[in-house]
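Hints given; two lone chains; assemble the complex.
Chains as they are written, first to last, in this note's numbering: chain A, 1 to 272; chain B, 1 to 253.
Don't read these hints as lab results, they were simulated from the structure. Since the structure is predicted, the reported quantities are computational estimates derived from the model, not experimental observations. Careful: at least some of the hints might be erroneous.
Below are the DSSO-like pairs computed for lysine-lysine, each with C-alpha atoms no more than 27 Å apart in a straight line [as the list claims (entries may be wrong)]:
#	chain 1	residue 1	chain 2	residue 2
1	B	K83	A	K104
2	A	K106	B	K83
3	B	K81	A	K106
4	B	K81	A	K104
5	A	K65	A	K211
In silico contact screen, one side only, chain A against chain B (beta carbon under 7 Å); selected entries [claimed, not checked]:
#	residue
6	S43
7	S54
8	L62
9	Q187
10	D190
11	F197
12	F202
From the structure, some residues in chain A lie toward chain B, with a derived Cβ separation under 8 Å [as the list claims (entries may be wrong)]:
#	residue
13	L39
14	I191
15	A198
16	A207
For glycine and all other residues, C-beta sits at the position ideal for the given N, C-alpha and C.
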Amino acid sequence: MAVVTSFGPGVYGRLDAQARRSGAVTRRNIAALRSAYWLVLISGFFEPLLYLFSIGVGVGGLIDKLPLPDGRLVSYPVFVAPAMLASSAMSGALSESTFNFFGKMKEMRLYDGVLATPVRPMEVAFGELMWAMARGSLYSAAFLVIMVLMGLTSAGWALLTFPAALLIGFSFGALGMALSTFMRSWQDFDIMGTMQFALFLFSATFAPLSKYPLFARVLIEATPLYHGVELTRGLATGSLHWMLLAHVAYLLAMVAVGIYIAGRRMGRLLLK
Amino acid sequence: MALTVLETNLTAYRRVWRGSVLSSFVLPILFVVGFGIVVGNIVDAGGRLGTPYLDYIVPGMLASSIVNIAFGESAWPIMSKFKWIRLYHGWVAAPLRIADIVGGELLFLLVRVLSTATVFLLVTSAFGAVHSWWAPAAVLVCGLLGLAVAAPVLAFAANVQQDGYFPLLMRFVVIPMTLFAEVFFPISRLSEPLRWLAYVSPLWHAVVLCRACTLPGFGLPWWSVLGHLAYLAAWAGTGFWLALVAYRRRLVS
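Just chain B, same shape as in the assembly (with noise of 0.2 Å):
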């Protein structure tokens, strides 16, 4: 039955895909270029890094853009069909359980995380940008990381009543997480408390999982690889749970 929801969201996907490819897509590239050529231009003349910026940056904007996917897609449109169109309200009576309703808002976007993470990585291959033949594997941790945001931002938007609250999450979570998650710089730069936010936050974990995937300088132990997919799993899970909860309430009640 969540298959009948990921196929209503792929129908209306279809009507407005051309807006999705410029923001998931031709942003993370204009950045790609913006960032890694031309301020690794500079950074690269330091040499403090000791591997080139624009292939350090390229799994950071990889992971950090299914965060910006991830929780476009689980904002505005989840509360539209709560409150705007209320498409739920019929879906309920369809009637759909509440497993597969959040089950199949969260099958598309793994739709969508992987074809991005698909199309990115092919296009950074070609300014030269991945080196390892684990590049495929970057791919799935994307689908994870996908998951691990979603499902929580899901239950946000199950449980606030005005739109007006996706703003500050965006401003407060998604955009300092992205600055201060390894995606620029390395963390050993900042003090110890710092670094912790980072640690706490899922896309730290992806990044360094996607870098590894992508760079051979910066494999990771397996041990040290199972701790950071399960740290993954752990979001998505407990997401999920709390999803789950949110939605019962707001709908069957």
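Same shape as in the complex, but just chain A (with noise of 0.2 Å):
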């Protein structure tokens, strides 16, 4: 499974050495899914699915048709499976990016010995993005997979949004691999398990922005999730806006933000 490339000396050759040692990292966790933990993982797709039915399906059978930005009505199943969508890209990511790597990083001391070999914290940074990442896109790719099934967007509107949906991902995955960095013990997990479920709940997800108070709706737009529902609930049901261009640069700089604290919190952590 070696990635095997070659540019040679000089800057092609450094980036290249990099990726290949972020790709370790992700190879190891490959590697280490040889146990009961890949049930956990399959585990993880139902989670959105039970809540499309139960919400989306069950609850919205009570609920009239809702507008969309551009003025369309829509079914309450259109309208939430992008939210549960965007909300399950965001859970699975902050799940391995913070649970997972705290674990290998203050329990398991993992990166104590992948740090003695040239791997630097930059690159364990990167290469525990990409298995969040490689695993959030699964989620998302089966998740899309009904959405069309259930005549809840197309296939055409699905391939677009799942981009988007790995966006998402790779945005909490950098934001909890940086937040992991300040967390002393499994308490403080509470605090932020706490957090993401009121993302969750509050993120534009089950009504849309207007039903809530004007002190909520500006508090909501600065919030990240809020930016991951708006962008795949447009894609998803193709009420494209310009909006959705600012949604996905804030996203953006959630990752470049992210990883640049993510890598140097770890170099102050690890490389004492």
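Encoded structure:
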């Protein structure tokens, strides 16, 4: 499975070597899968699906059609499904980049060994992020297939929504890793879990932003999952507008800031 | 002797209660606000439920947060006492009887559940979601529900060797139960086979009872109340017996 490329010395050669070392960190995770853990991985796919059936279809039966930003009215499952996709991309990436990452760093002391090899902290950060992405992309793809089968989006729009789900996973993975470097103990994860749950509930996931009071609207627009939800909803329902670019820019900025902080902090924590 | 186990657990709990306040209390309240008020806004606009949505989901959220606590307290902490910190091995040598250990764990759970349910009801009545003087009876229903869920999970935790099974139990049993047991919407909307899944789960029976306690419009005849209570008691009793068997097999042999 080794990445066989070579650009020789120089800038490309350096990038090539960095990619190879990040890849080694990713492959370690795949090798470690040979335990019962893969069942847990698969189970992660069912959660958004159950929410879709319960909230989207069950509660949706009590709800009239809702307006999209472009004014079209859609049924509640069509409205909620993209938001489930976005929030499952978030929670998949966060669980890998916080809980598991913290465990590897503080409990298993995995990176102490890794950093004794030529692999640098930034490359560990990249490698772990790649793994979180691989896991998240499987969930997202499977969920989009279900959405198409249920007639909640078309195949064409689903293809366009897929990279958006990846971007959400990438940005939350980076954020999660940066946050993990500040965690002191497992108790801190309770606080993070609560924050994550609040994002899941309030990011225009279950009701349009216009249904919230004004002060809440301003707050929600500042938080990350809202931008993910609006992006996937815009794409999956095929209502394109310029604001989608702003959502993409927000998420890209999150990726950059997250990786930068994570790499720096890991260097400080591990290379003493 | 079960009281000594309760005391040990309470002493330990004094050190970690802050984290549990978040998960057992702040989360359900967030859910009530996020769902009951925000989604309630659009549900009530449709007018198909016939009762304000906030009032409707408060008893459901109460019961389902009890299930979460009962599951959480009986899964990882119990495995830890068997496997990681191995507290039980000391207790058996103390000597405590198996029934004392299981009984003490369930007593501690009861304290957690009753206190959470009381606070939850006080806060939600401040939101104006509680409409009946029967509401305190819902706390007792929650106590029974807590035992009905915790006792079988104790048995499960005593049987398995890896904590990897708990997330599976969470995803394939606890979460589906929460989503389809009349917490969020009337199950008359579900097809017949799915509805039977709700009937089997202890949560559904507790939700129906709690709703009868807080909303006058959802009252139940006495024989139905007795039936639901008996079903919950059967789960608790069977679970207790299974837990005794599993603990004995793991600790005394």
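Status of the hints after comparison with the structure:
Taking the CA atoms of K83(B) and K104(A), the gap is about 21 Å. The hint holds against a cut of 27 Å. Restraint check for K106(A) and K83(B): satisfied, since their Cα atoms lie roughly 21 Å apart, inside the 27 Å limit. At roughly 22 Å between alpha-carbon atoms, K81(B) and K106(A) fall within 27 Å of each other, so this suggested pair holds. As the CA atoms of K81(B) and K104(A) are separated by approximately 23 Å, the hinted pair is consistent with the 27 Å bound.
Taken as a hint, the K65(A) and K211(A) pair is honoured in the structure, with Cα atoms around 14 Å apart against an allowance of 27 Å. Using the Cβ-Cβ criterion of 7 Å, the hint placing S43(A) at the interface with chain B is satisfied: the shortest such distance is roughly 4 Å. Annotation: S54(A) was flagged as interfacial toward chain B, and the flag holds, the nearest CB pair being 4 Å apart, inside 7 Å. The closest approach between the C-beta of L62(A) and any C-beta of chain B is roughly 5 Å, which is under the 7 Å cut-off, so the hint is satisfied.
Interface hint at Q187(A): satisfied, since its Cβ lies 5 Å from the closest Cβ of chain B, which is below the 7 Å cut-off. Nearest Cβ of chain B to the Cβ of D190(A): about 4 Å, under the 7 Å cut. The hint holds. Because the beta carbon of F197(A) sits about 6 Å from the nearest beta carbon in chain B, less than 7 Å, this interface hint is met. Because the smallest distance between the Cβ of F202(A) and any Cβ of chain B comes to about 6 Å, under 7 Å, the interface hint for this residue holds.
Using the Cβ-Cβ criterion of 8 Å, the hint placing L39(A) at the interface with chain B is satisfied: the shortest such distance is roughly 6 Å. Given the 8 Å rule on beta carbons, the hint for I191(A) holds: about 7 Å separates it from the nearest Cβ of chain B. Hint on A198(A) holds. Least Cβ distance to chain B is approximately 6 Å, under the 8 Å limit. At about 5 Å, the closest approach between the beta carbon of A207(A) and any beta carbon in chain B falls short of 8 Å, and the interface hint on this residue holds.
Every hint from the earlier list agrees with this structure, and none is contradicted.
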